[in-house]
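Chemist: Given chain A, put chain B in place with the hints provided.
These are the residues of each chain, in order.
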Amino acid sequence: MATEIGIGVGLVALSASLAVGMTAFATGIAEKEIGAAAIGAMAEKEELFGKGLILTVIPESLVIFGLVVAILIIGMVG
Amino acid sequence: MLRPKVMRRLTVLGPKSLMKQVISQLYELDVCHIEDFTKKTDKDYFDLGEPFEDNERFSEILVKVRTLISNLGIKKIDVQPNKESVEEMARRTDELYLEAQKILSRREYFSQLKKFYDSKAIDKAASLFKVGTEKEDPKAVHFFGFINRNQSELSVDLKNIEGTSLYTGTYEGITVACVFAGSKKDKEVKELLMQYDFSPIDEPVVKKHHDMKSASGYRFLKLNHEQKVIEDQLKDIEKDVAKLKFDSTEFLFSTELRLKIETDKAEAPLRIGTTKNIFVLKGWVPADKEKHVGKMLEDATEGKVMVKFEKPKKGDNVPIHFNHPKIVQPFESFMDLYTLPSYKEIDPTFFMFITFPIFFGFMLGDVGYGLVTLILFLVLKVKMPSAKNILNAFILASIMSIVFGVVFGEYMGFEDLPPEWGQAWGIEPHAAHHGDGIVYPIPRLFARGVEIRDLLSISVLFGIVHIYIALVIGFVNIVNAHGVKHAILEKGGWMLIMPMMIWLLANYLNVITGFVADMIASIMPPLPIVAAMFVIGAILTIIGEGVQGAIEVLFLSIMSNILSYARLMAVGLASLSLALVVNNLAGDMIASMGAIGIIPAALILVLGHGINIALGILSPFLHALRLHYVEFFNKFFKGGGKKFVSFGQTH
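Residue numbers (the numbering used here), protein chains in the order written: chain A, 586 to 663; chain B, 21 to 671.
Extracted from the complex, chain A is given alone in its bound form (with noise of 0.2 Å):
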């Protein structure tokens, strides 16, 4: 890269990073759980792939706000 990237900026930047990162390992974390018995259930019952499909994606909405608010921080540098 050509220009210059002040510490400013590269705070900026790395606050962004860790605000979808950290939400993408919580989102994994609750994921994990919920999916492991989510297919659990599924093995007993087939019928319940609907709702286990929905319960195991609930924790997803971690990481959009996390995305939404890195959006947000970058944005303030414009």
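One should not assume that every hint holds.
Stated by the list, open to error - Distance ranges between label pairs, derived from CB positions:
hint : chain 1 : residue 1 : chain 2 : residue 2 : range
1    : B       : A451      : A       : A628      : 53 to 61 Å
2    : B       : L465      : A       : G625      : 43 to 51 Å
3    : A       : L596      : B       : L465      : 31 to 39 Å
Said to hold, decoys possible - Straight-line C-alpha distance at most 25 Å; calculated DSS-like pairs for lysine-lysine:
hint : chain 1 : residue 1 : chain 2 : residue 2
4    : B       : K364      : B       : K505
5    : B       : K663      : A       : K636
6    : A       : K630      : B       : K662
7    : B       : K36       : B       : K364
8    : B       : K311      : A       : K636
9    : B       : K333      : B       : K311
10   : B       : K60       : B       : K334
11   : B       : K309      : A       : K630
12   : B       : K408      : A       : K630
13   : A       : K636      : B       : K122
14   : B       : K263      : B       : K134
15   : B       : K248      : A       : K636
16   : B       : K658      : A       : K636
17   : B       : K315      : B       : K60
18   : B       : K331      : B       : K315
19   : B       : K505      : A       : K630
20   : B       : K122      : B       : K248
21   : B       : K59       : B       : K309
22   : B       : K280      : B       : K40
23   : B       : K59       : B       : K328
As the list claims (entries may be wrong) - Below, a sample of chain A positions facing chain B; criterion: calculated Cβ distance under 7 Å:
hint : residue
24   : S600
25   : L633
26   : V642
27   : L647
28   : L652
29   : V653
30   : A655
Hints listed in this document are in silico derivations from the structure and should not be mistaken for laboratory results.
Note that beta-carbon positions come from the ideal geometry of N, C-alpha and C, so glycine has one too.
Modeler: Just chain B now, kept in the frame of chain A:
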């Protein structure tokens, strides 16, 4: 379209002697959902009916027919039900069964032998079996090898031939036999053994394990010849199997269909309440078929049964018969996956038909990807007719992806024209967003890779509209179920809370910006009114929904519902970024390596876009589905309906 078909409860009461006619007539009409009779207590006046007496016979033949179909591995074809008499069907099935049994057992036997030869297990087979040869008459002949069938049959047959003796053993389920006979009986024994598909074990093998001196028994044996004989036998048997398949396919499937119809009918009394002399059949028919069903039942029984149609009463679990035009039907499978709507509420399938492809297309949004997935789903539809329904939904979604691809100006991740074309077509150049230089973007309405904030605003706007639609549906549902007052308390409250959330998103959180914010600002009432609406809405919700409502208002649950639609932006951007990375990598490869670079570049393009398309189907599908199941349905959908299954041939 927004409601399942209107149903009528059908009750048929009549003498038991007419039960068969009524069942046959209903089966032919194929519009009635029979409600299974269950005996509640022992004192219940009615009892389960008994299957018609020929049921056992039908099931017996049916089992044989299905065994034949699966053993012969015949592919299903479409046929008309067999019209022959039951006796004729039984006779032909038995004949076929015996013939197939014979051919298949020979195939099994020879394949097992082939396996022995392939895995060099002949040694083991021979060594397992010790024969005393010391008493041998030098002139005696002996046959040593495998037979198909068990030894007791052979020993009975051998008794008819004088001076023979038999020793047997088994190896992996196959009988190994050693027969001694006087030299004069050589031919006779050989003929007998051929009926048993005798397959001799080679001399050297035998010699190694049993010191058999008299070689006379092997006159007809050539070394290593047997393996080829077995292979030829197997080929012949395969031909027989193919012929049998060809000859019997139509008969088997038409018989299966006919027997299935007959057993369905014969077992129907198990779902009907009966006493010693009468029967009562309860079920549901679509209201528009009411007159026809009534007339046909009267004709079939000369008016000797009582037929009654009633409107569903409160608390009836009415089966759901979807009522959609053909183009909406694919989306019914998404309802099956979740839960069917109950009879009284609005059926959301139509809304899914509108919004699912839009969401999917908005996320995938690339002309190239849309075309690839479209072709993929069209091919799959031909290959897998059973999944036709859900594939049709995907085809609509692919078409929307192409539409949004044109809007976003994305073609397999490429957004820019080559400079010469751009100049020739008079396209306004732009400064490149990544790297230096100028580019000539393909004409488009909206550049989603650049206007990320606007993309976010549009996604959230989709959410606001979608949730408002859900609240309106919920309002209508509650008006129907509990009246206007409840509807205002439960859904009206949320409708009043929504503007405050939108105001917060636009003015405080700055999630909604740009032209979408301007658009919203132009229709948004001033802040004091919005705040007042929020307070009134919150109070209504807390009165209407109690503690749960209070918690939801306090934690701004509806705000997170709206923000959840940001995934429309997120998934789309992820797919676009991956496509860009793949294209840039391939471009760099050609730029740095010249003509040789084309090979790795092509590999990267195919692999990268392949993976991206696979993700581009899975991820938009899951997220679009989730937005409906979680954010949309939560606002109005109760579900719990059971499916209408008509008693008849089609199911």
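Chemist: Which hint numbers doesn't this structure obey?
Modeler: 7, 8, 11, 13, 15, 17, 19, 21, 24, 25, 27, 30
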